[in-house]
Structure formats: C-alpha cells, structure tokens
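Number of protein chains: 2
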Amino acid sequence: MYIILVYDFGQKRVGKMLKLCRRYLNWIQNSVFEGEMTEVQLKEMLHEAKRIMNEEQDSLILFKNRDQKWMDKQIVGIERQSTDDFL
Amino acid sequence: MYIILVYDFGQKRVGKMLKLCRRYLNWIQNSVFEGEMTEVQLKEMLHEAKRIMNEEQDSLILFKNRDQKWMDKQIVGIERQSTDDFL
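In the order they appear, the protein sequences are chains A and B. Numbering (UniProt numbering) for the first sequence: 1 to 87. Numbering (UniProt numbering) for the second sequence: 1 to 87.
Next comes chain A alone, as it looks inside the complex (with noise of 0.2 Å):
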C-alpha cells in the first residue's frame, strides 16, 4: 500500500513524531513523508502516533493508494528529500 502522510503536531511533539515517521516512510518535504507501507506497518506506525500525540491539538492526514501506479508525482522547483542529516 502506498502512503502519503502529513502531520502538524504541537512543537513539544513534532520531533518525536518525525523521528517515527523516518522509520517507516521517506520524508519529502517539511512535515510530510511517502512511502509503502503493510496494513501491519501501518497499525503499529498509527499505534505509536497515538501515543506521541495530543489528539485535541495535533493533526495526522493519511492518504492510502493500493497501488502507486493510479498516482502521479510532479515535483516543480528543487527536490528536498533524501539528505540523510535532515534532522
């Protein structure tokens, strides 16, 4: 399954949450990563975002394709992904 994930997480929040997300997606740009993902991987990377998070306060958007191949990807300007000193 094909990931597209977004998050605003409070900023007491947000690098632990970015760290997670390291694990399991590739980061692209600011607060948002891409990747695939099993439903397993998934379940585990939402339990542990539940508990990183204030659910009154932060944000979590997932965008989930079967299959990558209905999607395409434009990228216009520079590319940020993949340094991998991005802290």
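The hints are simulated quantities; they were obtained by calculation from the structure and are not laboratory data. Check each hint, because a few of them may be wrong.
No copy labels: a pair is met if it fits in one copy or bridges any two.
The list that follows gives simulated cross-link-like pairs (lysine-lysine, DSBU-like), each with its CA atoms no further than 30 Å apart [unchecked claim]:
no.	residue 1	residue 2
1	64	43
2	43	12
3	12	50
4	12	69
Chain A is fixed; fit chain B onto it per the hints.
Same frame as chain A, but now just chain B:
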C-alpha cells in the same frame, strides 16, 4: 482529477502561494491542499505558481489521481480544514 498539493516556499512568497492554492483547492493542513481539478485548471495554477516561486529555493509537489476512489483518506487527531478565516 484529484490533486494533493504540498508546498514549501520561502517566507516572502508563502502568502501569495497560499492565496493561489485556495483559489483552486481546499486547504487541509499547514501547506497541504487537496481537491478536484481539470487539466486546464492545473496548467493555469502551475503557470501562476511558477511566477510566484523561486525555483532554486522553493518546492512544490503534486500528487495526481485520476479518481479519488482509488484513494482512502484517514484523519487522526483534529481536523484542521475549512476555517474560512484561516490566513
């Protein structure tokens, strides 16, 4: 065509980009928008976005789906979208 748009623009240009995106799409979180667009609308919007952006500093990513039915959206925590007085 169903679009997810994420941008990361320099502070001087971010306001103009936000305004442009809101003319065509629905804001869902931070610098993330979604919505239905025709090819012509997309072309128009990209043309204007390129006039606003600094292509060496700013980044714009589009995910295009022929049909929203291939995609599933899940929101965890609060839903930020559609406050019309959001700046």
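Evaluation of the provided hints:
no. : hint      : verdict
1   : 64 <-> 43 : both (13 Å within a copy, 25 Å between copies)
2   : 43 <-> 12 : within (23 Å within a copy, 39 Å between copies)
3   : 12 <-> 50 : within (15 Å within a copy, 35 Å between copies)
4   : 12 <-> 69 : neither (37 Å within a copy, 36 Å between copies)
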